[in-house]
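Protein chains in written order, with the working numbering: chain C, 318 to 521; chain X, 20 to 253; chain Y, 37 to 135; chain R, 2 to 573.
None of these hints come from the bench; they were simulated from the model. Glycine included, every Cβ here is placed at the ideal spot set by N, Cα and C. Heads up, a few of these hints could be off.
DSS-like cross-link-like pairs, simulated, lysine-lysine; straight-line CA separation at most 25 Å [claimed, not checked]:
1. X/LYS142 - X/LYS241
2. R/LYS443 - R/LYS35
3. C/LYS521 - C/LYS422
4. R/LYS527 - X/LYS66
5. R/LYS561 - R/LYS527
6. C/LYS328 - R/LYS207
7. X/LYS205 - X/LYS238
8. Y/LYS75 - C/LYS521
9. R/LYS23 - R/LYS523
10. R/LYS527 - R/LYS207
11. X/LYS72 - R/LYS561
12. R/LYS210 - C/LYS328
13. R/LYS31 - C/LYS328
14. R/LYS210 - R/LYS561
15. X/LYS83 - X/LYS72
16. R/LYS35 - R/LYS527
17. X/LYS66 - R/LYS561
18. C/LYS328 - Y/LYS46
19. X/LYS238 - X/LYS165
20. X/LYS241 - X/LYS229
21. X/LYS168 - X/LYS205
22. R/LYS523 - X/LYS65
23. R/LYS443 - X/LYS66
24. Y/LYS46 - C/LYS403
25. C/LYS405 - C/LYS489
26. R/LYS170 - C/LYS441
27. X/LYS70 - R/LYS527
28. C/LYS399 - Y/LYS46
If the Cβ cut is set under 8 Å, some of the chain R residues that face chain Y in the computed set are [unchecked claim]:
29. PHE270
30. MET317
31. ASP330
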Amino acid sequence: MSDVSIERVPKGRLGVWFLIAGELVIFGGFIACYALTRFEYPEFGSNEAAGALNLWVGVINTLILLVSNWTMVVAHEAALEKNLGKMKSFMWGTIILGLVFLAIKLGYEWPHDIAEGHTISSAKAIAGAEPGSEVMKVSLFWNYYFLMTGFHGLHIVVGSLTIFGVIVSTSKGENLHRVELAGAYWHLVELVWVILFPMFYLIK
Amino acid sequence: MSLLPEAYSSVAPEIGELFNLIFVLTTVWGLITAAALFYGLFTSLKKQGGKAKYITGEDWAQSKFIWIPLVLVVLCDFWIDVKTAHVWSMVEIVSEQPQGDYDIKIVGRQFYWEFVYPGPDGKLFTEDDVSVADGNDGELVIPVGKVVKLHLTSADVLHSFFVRQFGFKNDVIPGRIITRWVQATKEGRIELTCAEICGPNHGTMRNWVKIVSQEEFDKFVKNLNSGEVAMVAQ
Amino acid sequence: MADEKDYHGKQNYVMILGVIAVLLIGMVGISISMTGSNKVIGIVVLAAIQFYFVLTNLMHLKYEPALVNLVAYLSVVFILLWFFGVAPDTIMIPLTITQ
Amino acid sequence: MPWWRNKEIRMSAHHEQSFLSKYVFSLDHKYIAKQYTITGIVFAFIGGLFAVAFRMQLAWPGMNIPLVGVLDGMKYNMLVTNHAMIMFFWAAMPIMIAGLGNFVIPLMIGTDDMAFPLLNMLSYWIFFLSAVVLVLSFLMPGGGAATGWTMYPPLSATQNIDPDAGLIKNLFTGGSLLILAVALEFAAILLGGINFLVTTINMRAKGMKLMDVPVVIWMIDLATVDFMFSVGPLVAGAVMLLFDRIFNTGFYDPARGGDPILFQHLFWFFGHPEVYVVLLPGLGIVSEIIPTFTRKPLFAQRWIIIMAVSSAFIAMIVWAHHQFVAGIDPRMAEFFSITTIIISIPFAFIMFALVASFFGGQIEIKTPMLWALGFVVFFLVGGVTGIYNGSAGLDMYLHDTYFVVAHFHYTLIPIVFFGGMAGLYYWFPKSTGRMMNEGLGKLHFWLTALGLNLFAFPLFFSGLNGEHRRIFDYAAYQPMMVDWIINIRHMATIGAIIIAAAQLILFINIIMSASSGEKAGKNPWKANTLEWVADSPPPHGNFATPPSCYRGPYEYSNPKRSGSDFWPQNEQ
Chain C
318 MSDVSIERVP KGRLGVWFLI AGELVIFGGF IACYALTRFE YPEFGSNEAA
368 GALNLWVGVI NTLILLVSNW TMVVAHEAAL EKNLGKMKSF MWGTIILGLV
418 FLAIKLGYEW PHDIAEGHTI SSAKAIAGAE PGSEVMKVSL FWNYYFLMTG
468 FHGLHIVVGS LTIFGVIVST SKGENLHRVE LAGAYWHLVE LVWVILFPMF
518 YLIK
Chain X
20 MSLLPEAYSS VAPEIGELFN LIFVLTTVWG LITAAALFYG LFTSLKKQGG
70 KAKYITGEDW AQSKFIWIPL VLVVLCDFWI DVKTAHVWSM VEIVSEQPQG
120 DYDIKIVGRQ FYWEFVYPGP DGKLFTEDDV SVADGNDGEL VIPVGKVVKL
170 HLTSADVLHS FFVRQFGFKN DVIPGRIITR WVQATKEGRI ELTCAEICGP
220 NHGTMRNWVK IVSQEEFDKF VKNLNSGEVA MVAQ
Chain Y
37 MADEKDYHGK QNYVMILGVI AVLLIGMVGI SISMTGSNKV IGIVVLAAIQ
87 FYFVLTNLMH LKYEPALVNL VAYLSVVFIL LWFFGVAPDT IMIPLTITQ
Chain R
2 MPWWRNKEIR MSAHHEQSFL SKYVFSLDHK YIAKQYTITG IVFAFIGGLF
52 AVAFRMQLAW PGMNIPLVGV LDGMKYNMLV TNHAMIMFFW AAMPIMIAGL
102 GNFVIPLMIG TDDMAFPLLN MLSYWIFFLS AVVLVLSFLM PGGGAATGWT
152 MYPPLSATQN IDPDAGLIKN LFTGGSLLIL AVALEFAAIL LGGINFLVTT
202 INMRAKGMKL MDVPVVIWMI DLATVDFMFS VGPLVAGAVM LLFDRIFNTG
252 FYDPARGGDP ILFQHLFWFF GHPEVYVVLL PGLGIVSEII PTFTRKPLFA
302 QRWIIIMAVS SAFIAMIVWA HHQFVAGIDP RMAEFFSITT IIISIPFAFI
352 MFALVASFFG GQIEIKTPML WALGFVVFFL VGGVTGIYNG SAGLDMYLHD
402 TYFVVAHFHY TLIPIVFFGG MAGLYYWFPK STGRMMNEGL GKLHFWLTAL
452 GLNLFAFPLF FSGLNGEHRR IFDYAAYQPM MVDWIINIRH MATIGAIIIA
502 AAQLILFINI IMSASSGEKA GKNPWKANTL EWVADSPPPH GNFATPPSCY
552 RGPYEYSNPK RSGSDFWPQN EQ
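Take these sequences, add in the hints, and give me the full structure.
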């Protein structure tokens, strides 16, 4: 009864890939819904909606996430070389970069948007607005924006916790394969972001 | 006797034919399968000292007994598909619908139906449309033999416009106007119901469709325009 | 996992990240310069390439056996199926509000 | 390191387990299976009582129903909604997927436990949490959700909602909590499903090729795959619906540019494969039992598996046949109508193959076989009536009538109830070590079958006559108040009551047999698959020595085998 199947896939990796597939379908649901609505309403690109997002902050955030993925793969290589010190420090680097990403999103972008009156609970924004008017559709854009970036942020938190757990559980150099599994989950966050970023920031 | 209610619209008989086709095919297949099942069951019950045959069904000599019926099933499916496409496109696809003689807008509301008739200008979707809601003489009145375009929409939640004798139903959806057509074939007074759950009083959301002769219908329209039927505020 | 070490070949991650960063800059450039539908198309194409790059190189999908590839790509395929199944009756039907 | 990490400790049959780690937070797949199954049966009984309650209202309007009182429209809708919700997500899913899979997969592929025991336990306790949230949702002010189990917005997005009341108050309403409970339930089954797939792929006994894996495990894994790929959009849609309720967003509000149809697509993209998620394991159970009791191989086993795979794929592209009359694009509707009719082909093949398996056998009708026969016969009725609804042109008329109700009760009751009972009677000796009482079992079957047909068959005719669903009192509808339709309502109600009452026999049988049934040996049914190699009940760690597999699971009456008419997979 070996843990490695005829396809030579260790069970941990197989499980993580099934998990990733499930997550991809969930995110895919959100993304498809947004895309359908986006195609329906050009209003989503107006300066009140997508135009109001700060493109350059978004670019900086994307680069931060990219670098965090690089640190993660380096950590994985270190794990293959059984270089525990390097591995651990790079995983900490990943966590910190992830938190910086969150800090920028939750600490700067969201407050900035909310200060401009774009909140997820759009009751105030649409008060007295004509049904089906542009104001309404703009508020729908912000609903999607907060929902999906929030969901993505949630995955960054979960990923960071996972990596932290891996740091703890690999401290004595056992079950190093978990580094790659945590890494795969972390790359999922990037995978989703490379779709979310252009959808919200670039297609105006 | 037919299992479906009496047909009042030009499409209902077509739907009845489709039903009969499917009814015959599925019943025949179901009976054949059941007969085979019970035959096989009762002819091969456990006997003392008997030994079961070793049949894997892998080679053609054995598996042809289910491949050939399967091919026949596929043919029947194809038959049903063709007939279905015919009926469906006749009723639903807008480009294949006949020219309408008269337009009526039907608005589903919790928990009653509102019927909007064209005003004096004879056109729907203009200011002078006359709205007749449940309560005051609020039945849907349509002329017999004419193609009436029904523009279905809703003001709050999902409802479903369902007249049994017309043979079709359609959900009414807030934010959309769905156009269906009906050509009544005989006069009468038949029931209009809501077939999509729309809240606690869904069970009471019903009304009548009154199919009248052309003269009566003209009279009805005149009354509408002269305002004898009370207007219902939006 | 005994076979963990010889599971992957070495690859130059700096270059991969460089490619992704270049694609990112390209997308930003398109969104600033172009307009209309070619802008959307260009951005979508570049995003798809990025997606593919992250999936294969960062997530090491290109080293995984067929089974895992199947699982990963099926999830994308089914979402596309859903999208194109729904598109005809959300995009093409205009919304009209009844009070 | 923690004790569950250590395979040696975990799997040794003799290590001491505290009461908590043995029965409550157990990591043993057999106990988790029992937990799932028992929870499922309890909820099935609750859901059944709901059904009896509103059936009584339909038969005798305005009567004072015991435990429920006099129903009004709201209460009636609430009972209907939660009957469907409970039966699907808290009875069918835990019993047919989680309970069955957890019990049979490791035993049948000859391994000691699931791939991730901790994940397995986690999955059950998330499921338990979801069940608690579900029960809470009934107790909220304004009662539970009353929007139909499909939760179509805008109704479900606005019911019991006060936009100014704020997040917490709107979260603690029946509808919101129901959505939350469903989401938790999905998470639980998803974790369990990952576990099943990894276990089947990685931990098969030595020499077990994919085609040697018993059909039931193929079916469970296919169901899991369908679930995994289809549930995503609904999770997304449920979160959006929840936000519509608690954050006052406008995803499904047409006035704000949202679209109610979007939710229907999200829902049915999951909702249709969901039917196959519970159907395939039922077919699997039956295709285990039929070879065992006919003493001959399963007819065209390889092709049954291939057809099941293809049906699992087609099931993902038929979802919109639930929306023919929902105002979707007519051309798409034609496409979906064709795919829907096409899906009858694989299932026609499987039914033919099951029937062909009878011919030339030595059939011994023990209780499990009786339930399996019931499955085949009644599922035939449900299957052929599916064609009526699949044909778009006819569904225009039949949609949302009692014809649909009769159809899906004729599919789901055979699948979940008869299939599940067949499995219960078949594997009960393995899981408890004692046989179940044959006489009580047969009585249970005949009463249930009588109840089913009395309940569901007449509804076909009232449905064809246009009686539409979810009406709590037909007094207003004169065409629906003619005598024969009223009689049909009475018959259906009596049938439902008979089904509910018949389950008392099951409880008596389980309790009696588990305590004082006759001892079952290792292999009471003389079956081939690997679970019958282990002791009954299997010890912690299942097999004394890991078995290895030499041939397919259905080698009955093989002429090469002299002496006995069965040839266990693990014997040379």
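Can you list which hints this structure breaks, lowest number first? none
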